[in-house]
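Asker: Chains as they are written, first to last, in our numbering: chain A, 58 to 289; chain B, 1202 to 1572.
What the hints contain is simulated information worked out from the structure, not anything from laboratory work.
Note that this is a predicted model, so its numbers are computed, not measured.
Think about it this way: if two alpha-carbon atoms lie no more than 30 Å apart in a straight line, the pair counts; the simulated DSBU-like pairs of lysine-lysine are:
1. 1314/B x 186/A
2. 210/A x 1314/B
3. 210/A x 1309/B
4. 210/A x 186/A
5. 1260/B x 186/A
6. 1309/B x 1285/B
7. 66/A x 88/A
8. 1324/B x 1314/B
9. 1272/B x 1260/B
10. 1386/B x 186/A
11. 239/A x 67/A
12. 1324/B x 1386/B
13. 88/A x 67/A
14. 186/A x 1324/B
15. 1272/B x 1309/B
16. 186/A x 1285/B
17. 239/A x 88/A
18. 1546/B x 1522/B
19. 210/A x 1335/B
20. 1335/B x 186/A
21. 1309/B x 1386/B
22. 186/A x 1309/B
23. 186/A x 1272/B
In silico contact screen, one side only, chain B against chain A (beta carbon under 7 Å); selected entries:
24. 1256
25. 1258
26. 1288
27. 1290
28. 1307
29. 1310
30. 1311
Glycine included, C-beta positions come from ideal geometry on N, C-alpha and C.
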Amino acid sequence: MDLIFEGIKKAFWLLVSFDPEVLGITLLSIKVSGSATLISLVIGISVGASVALTRFPGRRFVVSLINTGMALPPVVVGLFVTISLWRNGPLGFMGILYTPLAMIVAQTVIATPIVTGITLAAVQQLPAKLRLQILALGATRLQMLWILIREAKLSLLAAVMAGFGGVISEVGASIMVGGNIKGYSRVLTTATVMETGRGNFDVAIALSIILLLLAYLINLVLTQVQQRERRR
Amino acid sequence: MNTAPSPVFEVRSLQVIRGGSLILNIPSLVVTEGEILVLIGPNGAGKSTLLQTLSAVAKPSRGEIFFRGQKIGADIPLLQYRRKLAMVLQEPLLFDTTVYNNVASGLKIRGMKRNEIEPIVAKALERFGIAHLKDRSARTLSGGEARRASIARAFATNPEVLLLDEPFSALDPIMRETLIEDLEKVLRETRITTIFVTHDRMEAIRLATRLGVMNAGEILQTGSPDDVMNHPANEFVASLVGVENLLHGRVIKKNERSFVASVSGQDIEAMGPMQLEDPVILCIRPENVMLSGSVPGNGAGAVNTFPAHVVRVTPMGPYQKVQLNCGFQLVTYITSHALSALSIKQGTEALASFDANTVHVISKGSPASSN
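Using the sequences and the accompanying hints, generate a full structural model.
Answerer: Here it is in structure tokens:
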């Protein structure tokens, strides 16, 4: 119990004292996971909406792949991104392994199927004739897509929450492709793993609390937006 | 000088095939300027498919559609064509925003500026009595309000043609009545070319300048509402337009302008140039059957007057449906007051009569006519 109590005390102190290292780790976590979420939103919403609106041979297979991707294990993603970015790998020429950029790539790979899957389900749930109605109003295909995405915005906010929640809390891929380099590629989850390994439970607890608070605050904001939309 | 209205739509050999089945087959259809063509038919008749194909939101499998002489998709690009029409579907399908934004949506899609949109939307909202709802979320509207918003959205784009796909279905009768009244007024005022699809016969008669009957993907008959109601082309059309008395018989006597057909052993006179032994279907609208009390010698034996046994009396709101057995089955509607004045009830005897001029004759085996 003392350990937990000490951890909470330490966390409180690290927070109020704006400890530069913790602040750096927190900001990098937000930067990496925020960027990955944004990229996954662009890709996931486009792909999810397109698959939802088109009929093509093998569509069911594609949908099942997307759904499987929603449960993609981060360590598997970490492994394949590492191999791809390895000096001799297909993307080795980019030289970004063990950088925050590599972490963004890995987290994007994790978040994109989540956003795609939720978008796909959200757009499919819209009334089938809504599409006809939008076209009949004189919309171009692109305008129709945009209106449909707007109509599915409540579900898409859930996609943002799920995508961000998935990547801010993952550790396997980030540690594998980022290397957990102090002051460079260390994020909240990788730092927590490292401090726990070292037996610095108080710091680990402090970082965990910051991580939880961060996840909670971001989801709180998104939930507020979502619920305000629902009430309108 | 009297000029004929110009054609707005011209459909040639239009076919829609889905899953290997022919679900729409329209060899020819012309819709002229200012016309209100109302299409009625059972579920699956192809009415909605025809509207969706005409509005170019669904592709035909074969055939051509011309809009003011221009072939759509060739002479006139699809998007440009679609922006000349407005379609209202069965469900209001409003967007998750305010009523104002919904009514303005078609104009925003066309890239109009905010200051241009405002007066147009205000007029559309006013016209359909929903100006007070403009800031309300579309989600909070009642069924009737949502339909009004949906129709206002269509009118706001000032379409050249309006396509309405059962816009009043699933509304309560009072709401439906006021909405039809308002739409009727606007359609007469604007004289906008309209194709309206409905299940409701009374709604169809009320709005149509031309009535069409569809079944199994085909238009079986088109004509003035009076013509289709009183001169159905075939048995299906007759039953759909409310001809409840369809009597199958054979011509047994030929006069100069009329003939007598035998129906279940009874002689019925009707007008028309039929030949002896011709099989015929005699169509008698129930409102053309008169009922009187059965008094010996009060007309039984006269032309088209038959002693009738009252089989069943069914209340139908302000009217009573009376099913009679005259040797053949006959249905008529009379008011409750008349029913009690004539002392008619189930099991009593009465006299049923109808004028030979009100009997419409369908030659059995004749092809469906289409105007």
